[in-house]
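Colleague: One letter stands for each residue in the lines below.
2 protein chains.
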Amino acid sequence: MLLRMSTLFLRTLREDPADAEVPSHKLLVRGGFVRRAAPGVYSWLPLGKLVLENVSRVVREEMDAIGAQEVLLPALLPKEYYEATGRWTEYGDTLFRLKDRKGADYLLGPTHEELFTLLVKGEYSSYKDFPVVLYQIQEKFRDEARPRAGVLRGREFHMKDSYSFDIDDEGLQASYDAHRAAYIRIFDRLGLEYVVVSATSGAMGGSASEEFLAVAATGEDTFVRSTGSDYAANVEAVATPAPSALPVEGLPEARVHHTPDTATIRTLVDFLNAAGLGRDFSEADTLKNLLVKTREPGAKDWELLGVGVPGDREVDLKRLEAALEPAEVALLDEADFAAHPFLAKGYIGPRALIDNKVRYLVDPRVVTGTSWVTGADETDHHVLDLVAGRDFTPDGTIDVAEVRDGDPSPDGRGTLYTARGIEIGHIFQLGRKYTDAFAVDALGPDGKPTRVTMGSYGIGVSRAVASIVEQSHDDKGIVWPREVAPADVHVVGTGKGEQIEEALRIAGELRARGLRVLVDDRKGVSPGVKFTDAELLGIPTAVIVGRGLKDGIVELRDRATGEREEIALADVVDRAEAACKA
Amino acid sequence: MLLRMSTLFLRTLREDPADAEVPSHKLLVRGGFVRRAAPGVYSWLPLGKLVLENVSRVVREEMDAIGAQEVLLPALLPKEYYEATGRWTEYGDTLFRLKDRKGADYLLGPTHEELFTLLVKGEYSSYKDFPVVLYQIQEKFRDEARPRAGVLRGREFHMKDSYSFDIDDEGLQASYDAHRAAYIRIFDRLGLEYVVVSATSGAMGGSASEEFLAVAATGEDTFVRSTGSDYAANVEAVATPAPSALPVEGLPEARVHHTPDTATIRTLVDFLNAAGLGRDFSEADTLKNLLVKTREPGAKDWELLGVGVPGDREVDLKRLEAALEPAEVALLDEADFAAHPFLAKGYIGPRALIDNKVRYLVDPRVVTGTSWVTGADETDHHVLDLVAGRDFTPDGTIDVAEVRDGDPSPDGRGTLYTARGIEIGHIFQLGRKYTDAFAVDALGPDGKPTRVTMGSYGIGVSRAVASIVEQSHDDKGIVWPREVAPADVHVVGTGKGEQIEEALRIAGELRARGLRVLVDDRKGVSPGVKFTDAELLGIPTAVIVGRGLKDGIVELRDRATGEREEIALADVVDRAEAACKA
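Which chain is which? The protein sequence lines are A and B, in order. Going by this note's numbering, the first residue of the first sequence is number 1, and it counts up by one from there. Going by this note's numbering, the first residue of the second sequence is number 1, and it counts up by one from there.
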């Protein structure tokens, strides 16, 4: 490949686009890799198309290596398939819907679980046919409420989606593990810094799933990592270690105190510390009971649920929703309190909940033998020294208290801190949600049908391009990792005729050695502009053919390290080739 | 590449699909290359995806070779661009339209003239920037009224579309010529038999254009070819050679005859031959005058037009529409005749038209000195011996009479016959329709703006796959040309363990030599089924490892010729490689 900038369809920009906030958006537009066609809809220009193809190639190679077979399904899909699984409705406004000339309903595929399931059902029927893994690299469409950050969150975007089909759970686990390993190889090759976090699955259905998050301050996803290990998890998936139970013998008896106007933890602690009880109280000594109501899928009625957490922590509503999924959850309103007069608002304690058969779940830290200040189920009253396992026994634990920087890592090594990332990959053990919807069975060796089980696995190909730029840039431009760079080497002829001729000659030789070459052969463009463009475009290795040419000297530059070296003209092809293959 | 049929996602079918009428549809489905997802919407399975990629690769290589630069534009396009050019409306029901969550109107791109024009306008501004040719290979969407024949006419399909931008007509001609040459190379490499025909351009706008038609009895397009040359043209574009003018001296005088009840040519000729006029009359001796009305774009009123053709030919309405484009044309209704009493229906002659200033155009065969029987502008009367150039002078010629098998070829070599074809490519000199709509100017060397001129060029990539099958199959299955075949060689192990092991070994060696190999390593499948599948799938070269193996003999088969040869096992890899590289 030899691209000449004199004819390349490329105009770099000196100014950031007005609508760009994150570095990848700014740099991909300024470097002429992409152009906006509509909100969240982008055109890929020649250099951008090359990067997109390079990422796709890496993905394809690693998918092929695990025996996945490439297919290509349509984007235009009939409603009926997505209605069968409920996703026609579940996807809400995020689905692009349209009608054909006959009035039939269609959608633009956001992911293709339904069609792949039907495809396999159509071709395969025996246990001998399985396992099979199919994938495609294709445009996907999602009508995001807030398309943002260029190609980082677009409405039409490029995705690799694959689907595994197995006849049993062990097979699904093997397909999942193969994908997990392939994803690690892919993201390693793409030069990304990423973490693999446990995830909850959301609208896809199913259970075990992990997300691959590219670490980036501009990411939309929050996760926690450990200071002392490679532990990382979605906040929803952090498991708080439960301390060991403590002996209850010898602990003071529980006593009710009159604590006027102490409906908040803060006012309670202040009151207690001012009451001369001979000890100091902190918010962590209190047990805060949050009342919510839940409703199982398909159920008509809501049920009360009490959630007890140490008073120094809030309940994290996202963690609460994830913990109770697939049930709905809502906070109580005034009518709910009115309907349950035993709930003394601001002073709720375990006693009234347990006595009134309200399900009561507590934070994992509330182990037997821990002693708490908590509500006495009577306005302006609290109980002190209420001991778990002695004075009350909850119905179980629920891990929904907020996760804070400095919390111990669940793996026992180091403490947690929050970070942000971009979801670049997602692997799901879907199970039988879709094969149940379409009754996909394989006939077993015994002649009996077995319901097939599925995994689905996605990589945001266009998003990966942006994520690479988020992680790999400086104030001058992009620094492409070699595997995805639009070219291996950028030969810049800075002067008039002679240097440009020499640059073209060197470029031709490098190309003959199998390198992908971009050559700046523009006439009437100043060296400064050419250097600025070279740094913006971010090709890993540059060869500068400038004034030194008359002395037989050219310069070799490394975009990532900034290192510059003057070398003899006679050595430049060997040295540039070596740099590209290092 | 080494594909094993034991794990390949492929199930061949013995029966034609119920909805399939044409060979390519039947065979691509039976061979497991494609599966229908919705009317006119298809999924490409692994072998089909490989063929699609091979065709795309050929297209890409030849486009790159003419300096075209690959980009990738979105399918989801905002209405505003297509409204600016009028295509939002002009495309009618064929456009897939949709709204996003905010109610904004979008369409799915049927072709991308608008977006490419805007892209170039956004980047380029000087005459030095031009010419530029951009292309993409991408899914296109058209809501065809009658999707048919599998991927031959789909509603979501794969297309290469390219666009040239030049600052003058000579540049456009050069870009057009480069595309024409590239298309010839592409379709030659794809092994297609095709013709290049002049075309009228339809909804794209613009003037000079040619179509590439793959010759196929199942094609939707009719064209004519010559028995004596490689002349081929769309019926609309056939130019009838005008005979030389004849001397008028000595020809009999025109005389009006009473010809009762002769409003049709047939009744007129029968009457004349029965009238004892001393000579024989044929339909070709009569001049039939068809009255139509036309309306120029934007005009309010219709105008009358008389069209005179030899009475043995009908006016071809498609040719008439093409000849009058962009004006509208319609037949006269009773009210029109009532409004123009000088029109004696069934007996209209040149005289009344000329006297009443109705524009009168005649077939190119109506040259000076030809003598005609034609209407006398009075019911039940005709005039004989009315001589063109003596008794009437038309306003010009119009070439809209039907073209018939046996007509002389316009190039003077051989005669014409009609044939059918599939439009696989189309090249247009668009001119300035789109650059006018978006005011795309390049600043000239004199500092003055020049309006840029455009060409657009399409290849139906998925349609090309089907066209290849239409032309290259037999009653047993597909016969892939080597360049697009999903594999170079198909190694079939027909027996039990030993033959399959040997087939895998041979396949591995062929792969090591750089060949793309499909190996039938299925156990428990009969040799007959494997042979039938091999013929259906149509890989050019097959190696059969069967019973002869015990004697060190395998068989080499050529799918196209049907030739079979027994060869020594030791020679098979060399011989198969030679066959694949022949």
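Hint data in this document are derived by calculation from the structure and do not stem from the laboratory. Any given hint could be a false lead.
Copies of the same chain look alike in the list, so a pair counts if it fits in one copy or across any two.
Here are the simulated DSBU-like pairs of lysine-lysine, each with C-alpha atoms no more than 30 Å apart in a straight line [what the hints assert, rightly or not]:
(1) LYS79 with LYS496
(2) LYS530 with LYS99
(3) LYS121 with LYS49
(4) LYS496 with LYS99
(5) LYS79 with LYS102
(6) LYS293 with LYS433
(7) LYS300 with LYS99
(8) LYS530 with LYS49
(9) LYS318 with LYS102
(10) LYS530 with LYS448
(11) LYS99 with LYS128
(12) LYS581 with LYS357
(13) LYS581 with LYS99
(14) LYS300 with LYS49
(15) LYS121 with LYS357
(16) LYS530 with LYS121
(17) LYS99 with LYS79
(18) LYS550 with LYS581
Colleague: Against each hint, give a clear statement of whether it holds in the structure.
Modeller: Each hint tested on the structure:
Neither within a single protomer nor between protomers do LYS79 and LYS496 lie at most 30 Å apart by alpha-carbon distance, with minima of 61 Å and 46 Å respectively. Proximity of LYS530 to LYS99 under the C-alpha cut-off of 30 Å is found in neither arrangement, the shortest distances being 50 Å within a copy and 43 Å between copies. For the identical chains of this complex, LYS121 and LYS49 are inter-copy neighbours only, at 20 Å across copies versus 35 Å inside a copy, given an alpha-carbon limit of 30 Å. Proximity of LYS496 to LYS99 under the C-alpha cut-off of 30 Å is found in neither arrangement, the shortest distances being 58 Å within a copy and 53 Å between copies.
For the homomeric pair LYS79 and LYS102, the shortest alpha-carbon distances inside one copy (14 Å) and between copies (21 Å) are both at most 30 Å. Within a single copy, LYS293 and LYS433 get their C-alpha atoms as close as 27 Å, which meets the 30 Å cut-off; across copies the closest is 64 Å, which misses it. In this assembly of identical chains, LYS300 and LYS99 lie within 30 Å of each other by CA distance neither inside one copy nor across copies; the values are 34 Å within and 35 Å between. Taking the closest pair of Cα atoms, LYS530 and LYS49 come within 30 Å of each other only inside a single copy of the chain (22 Å); across copies the shortest separation is 41 Å, beyond that limit.
Within a single copy, LYS318 and LYS102 get their C-alpha atoms only as close as 43 Å, which misses the 30 Å cut-off; across copies the closest is 27 Å, which meets it. In this assembly of identical chains, the alpha carbons of LYS530 and LYS448 lie at most 30 Å apart only when taken from different copies (28 Å versus 70 Å within one copy). For a Cα distance limit of 30 Å, the shortest separation of LYS99 from LYS128 qualifies neither inside one copy, at 40 Å, nor across copies, at 45 Å. Within a single copy, LYS581 and LYS357 get their C-alpha atoms no closer than 70 Å, and across copies no closer than 81 Å, so neither meets the 30 Å cut-off.
Taking the shortest alpha-carbon separations for LYS581 and LYS99, neither the intra-copy value of 52 Å nor the inter-copy value of 49 Å comes in at or below 30 Å. Within a single copy, LYS300 and LYS49 get their C-alpha atoms no closer than 52 Å, and across copies no closer than 49 Å, so neither meets the 30 Å cut-off. For the homomeric pair LYS121 and LYS357, neither the shortest alpha-carbon distance inside one copy (47 Å) nor that between copies (71 Å) is at most 30 Å. Taking the shortest alpha-carbon separations for LYS530 and LYS121, only the inter-copy value of 23 Å comes in at or below 30 Å, while the best intra-copy value is 56 Å.
Taking CA atoms no more than 30 Å apart as the test, LYS99 paired with LYS79 passes in both settings, with 10 Å inside one copy and 16 Å between copies. Proximity of LYS550 to LYS581 under the C-alpha cut-off of 30 Å is restricted to the intra-copy arrangement: shortest distance 28 Å within a copy versus 49 Å between copies.
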